[in-house]
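Work the whole structure out from these sequences, hints included.
There are 2 protein chains.
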Amino acid sequence: MTDCLGSRLYVALIHYPVIDKNGQIIASAVTNLDLHDIARACRTYGVAGYYIVTPLEDQIRLVKRILDHWTTGAGARYNPKRHQALELIRVEATVEAAAHDIAHIHGRRPKIVATTARRHNGGLAHRRLRAMLAEPTPVMLALGTAWGLCDGFMDAADHILEPLKGAETYNHLSVRSAAAILLDRLLGDRN
Amino acid sequence: MTDCLGSRLYVALIHYPVIDKNGQIIASAVTNLDLHDIARACRTYGVAGYYIVTPLEDQIRLVKRILDHWTTGAGARYNPKRHQALELIRVEATVEAAAHDIAHIHGRRPKIVATTARRHNGGLAHRRLRAMLAEPTPVMLALGTAWGLCDGFMDAADHILEPLKGAETYNHLSVRSAAAILLDRLLGDRN
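First to last, the sequence lines map onto chains Y and X. Note that our numbering has the first sequence beginning at 11, numbered continuously upward. Note that our numbering has the second sequence beginning at 11, numbered continuously upward.
Since the hints were made in silico from the structure, they are not lab data. All clues stand as given, with none of them false.
Which copy is meant is left open, so a pair is good if it fits within one copy or across any two.
Lysine-lysine pairs mimicking BS3-like chemistry, simulated, CA-CA at most 25 Å apart:
| # | residue 1 | residue 2 |
| --- | --- | --- |
| 1 | Lys175 | Lys31 |
| 2 | Lys91 | Lys74 |
| 3 | Lys175 | Lys91 |
| 4 | Lys31 | Lys91 |
Below, the structure is given as structure tokens:
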């Protein structure tokens, strides 16, 4: 069954609305390696799709140019494996547009699961989310860039996922590392 | 006990000897984000140290310049959390020099555990390595850059770790993602 677990899971990398170092809401810049690293992890773990969410026109164009290079341009010939990963990426201006796209594919609106490095009361356990992925409702796992998703986003989400916990109080994983670990916990072979 | 599990685990990011796309042995270039992402994951999971292994003088200078910026320069003031992660980094020209350094700290030579995306007979299970971390002998977890560690390195290692397995046959995680997932499997809170 592990092979099918990811077929209703979507990852969304949110560039707006997120907070900066001072807690102000900003639109962050897209970074090339967030596209590559997270797409490769999504492909490895069998995730159904990977949304880049940004309202900024120039950033949308940048993502499309990177995707063109690796999926139809010189990059596709240089490294076909990268093509297989990056073809999972779709770009949307808002989370709502991404949710609408997923609803169109599955005939059901996805549950939106927000992630955070901060502890919340009543956070959704990773194993509970893993169990939810066997149910018919699709899930959008929302990851914040910069200093993370803003409070308004968290409040509007269907669930807030329990934060990852290491050995110490230090908890400052990159969004790329957090995405990889979460996919392994949700979809990895546990044998 | 989870808090202490990482105290004898060292991560080594190997830039030589690794292979290129065509299987030739090369010395790869150090990349800034490999330093940051893996150091942050090491710090989060309580790893004892993170070695950057490269024989190239200019690359050694580059790593030291990056570390200076974040641990004593403007970066340390801008983001003290990054300082706490990057101070785990040491640069050595060879794996042997890194092993010698670890032996000096612990009074025992480390077991060298090589990682690969390819399946090997008799690979060390992740849970077996997790159990080894409770024993007095330190462990160096060696991660290859570029297209991975060369056969000679694998043959000389004390163990070869079982590859990570996702849902499909595609298995092309970035070294940053693989490092994060392995640290979570070896040191993460399993409750």
